[in-house]
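A.B. asks: The chain contents come next:
Protein chains: 2
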Amino acid sequence: MKLGSLKSSESKDGQLCVVSRDLKTAVKATHVAASLREVMEKWSEKESALQKLYTDLNEGKASGAFAVKEEDFHSALPRTWLFADGSAFIYHIKLVRMARKAALPETLATVPLMYQGECGQFLAPTEDIPQRDFSHGTDFEGEVGVITDNVPMGVTPEEALKYIRLYVLINDVSLRGLIPEELAQGFGFFQSKPASALSPFAVTADELGAALKDGRIHLPLHVKYNGEFFGKANAGAMHFHFGQLIAHAAKTRNLAAGTVIGSGTVSNEEHGNGSSCLAEKRMIEQIEAGAIKTPFMKSGDTVEMQMLNEKGESIFGRIFQKVKAV
Amino acid sequence: MKLGSLKSSESKDGQLCVVSRDLKTAVKATHVAASLREVMEKWSEKESALQKLYTDLNEGKASGAFAVKEEDFHSALPRTWLFADGSAFIYHIKLVRMARKAALPETLATVPLMYQGECGQFLAPTEDIPQRDFSHGTDFEGEVGVITDNVPMGVTPEEALKYIRLYVLINDVSLRGLIPEELAQGFGFFQSKPASALSPFAVTADELGAALKDGRIHLPLHVKYNGEFFGKANAGAMHFHFGQLIAHAAKTRNLAAGTVIGSGTVSNEEHGNGSSCLAEKRMIEQIEAGAIKTPFMKSGDTVEMQMLNEKGESIFGRIFQKVKAV
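Residue numbers (this note's numbering), protein chains in the order written: chain X, 50 to 375; chain G, 50 to 375.
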């Protein structure tokens, strides 16, 4: 099934909606739970009622169904308790570290990189990305992500896969100009990772069909930059699968229901697939042509991300954001 | 006034209570707001009703007042949207970096260190600290903290002080054995910073009286380890004040109402004041006696933290936690 959160002046959690498979119609499900955040805490109790509503909606039988306008929807989960963002595409790590002349970690292939991102106020998927200072080097990062149930501390990677309830896309906004100085301090990212956006819709495993295997989504992430093709890197190239990322996050803590785990920037070694962030494109320009041509984002630049099923239909809806000077 | 959250089987946010100045009695304030998390989002709307209840309670006139049992209370704010933990005591940074033979950041005195900690499930102040593996090097860190209102991106340090609504103590649980490897990866703390605990009670500025000045709480943090004196370092020694920490956190994002900003481990250069974490005591032993004597925590070890007013009365209640192997 597919779930979303209508923007609401009443609650920052938005209003829970069930959304049709083709993303054309939706119906409020606030009689089942006020918000998706609440559903995540009571998944086993709420799932069947939502599934029933989804079936009715797809069959045109749900009363109160309305036409979806993407701009009325917030991030599928507008705010939550933990956003643990991994970096599971090793080619991305190689390119961005090359760009900032940083050494690769010795444990590159054995221990996932992970940091805690802003989780209390995701941007809406069509919300402007605020930019205070162009020198901050505003960049997008196209990612896939999962939303978990409660996960017990010490879970194994294989067991961890069983706690995934939903899948989403993520635009992890990154301020490249702030990263080198921040990482040099030793405490990791903070100012360089402001609020990110999730896709408008989160979907259960069955919506991904055969593309979901080995804890990875084997589909291209379609990225457009200022309306032009920018990337179609396949998300199946994750070095660490989602079970490994969840197990890493849960090594010393229980994970609260509603935890979002990000894949890190989707990245393929085949340069023909393009990129899912500007930093990679810039580094590839440097490697292939000897000079960086593409600047970071400036006010008015737009990025679009979506993932399509085998019929070419959007699975999660679109992230479509514009940079706006504030 | 003083506020707390009774543990509740109904909600992980607990039940909002107003607590008397002497911490002996409390009264539920769920008719004002269900939880402190909700109060933080509507501070200006809720403050006067809570203040009235506090006055009545202190005068013995609040109906429904009950005797406080600390173990019935959760962390003052059981869960929230952001825990941005600074490291504002430079002597602490010097000692712990000496301990792991790490260089001091060049911006030590000009840019605060800060990371995002687990915010979605604080431990209760009398809850056991779970320990999966003794080799993780379990340590406590006694801190002071503030809880903010919504804070606009780009706020100045002086303006930032105006958004502080409440003060708390924090036991920032740290796994020293995991820190060197984690920081070497470059992404900062994650596994090495599991769930922390806040004091049972959060207090407004007026409860701190003259001890609150220059954005710092000028009082000793009393720490006992296994029932014995361990530290009384003065929290007024913060190099960066809370306004500077908030402004650092808000440089590239708005801060959600309910954001907890931690001071980092309270630390004084006077060794006679003891320490607020084991790592410092161990390093001082190394410096003064040439060898480390104190091990990290093992199952059964206890830590107690509190801060007293000029009359010797506890301001925030006690954090009292025991390590338990799980």
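To be clear, the hints were calculated from the coordinates, so they are not data collected in a lab.
Do not take every clue at face value.
One copy or two, it doesn't matter: identical chains are merged, so the pair holds either way.
[As the list claims (entries may be wrong)] Using 25 Å as the maximum straight-line C-alpha spacing, the simulated DSS-like pairs for lysine-lysine come out as follows:
1. Lys300 <-> Lys371
2. Lys95 <-> Lys61
3. Lys61 <-> Lys300
4. Lys150 <-> Lys360
5. Lys143 <-> Lys101
6. Lys77 <-> Lys300
7. Lys300 <-> Lys342
8. Lys77 <-> Lys262
9. Lys373 <-> Lys300
A.B. asks: None of the hints should be skipped; say for each whether it holds.
C.D. replies: Hint by hint, here is what the structure shows:
no.	hint	result
1	Lys300 <-> Lys371	between (37 Å within a copy, 20 Å between copies)
2	Lys95 <-> Lys61	both (21 Å within a copy, 18 Å between copies)
3	Lys61 <-> Lys300	between (30 Å within a copy, 22 Å between copies)
4	Lys150 <-> Lys360	neither (42 Å within a copy, 56 Å between copies)
5	Lys143 <-> Lys101	neither (45 Å within a copy, 59 Å between copies)
6	Lys77 <-> Lys300	neither (37 Å within a copy, 37 Å between copies)
7	Lys300 <-> Lys342	neither (42 Å within a copy, 28 Å between copies)
8	Lys77 <-> Lys262	neither (31 Å within a copy, 50 Å between copies)
9	Lys373 <-> Lys300	between (39 Å within a copy, 16 Å between copies)
Checked against the numbered hints above, the structure breaks hints 4, 5, 6, 7, 8 and satisfies the rest.
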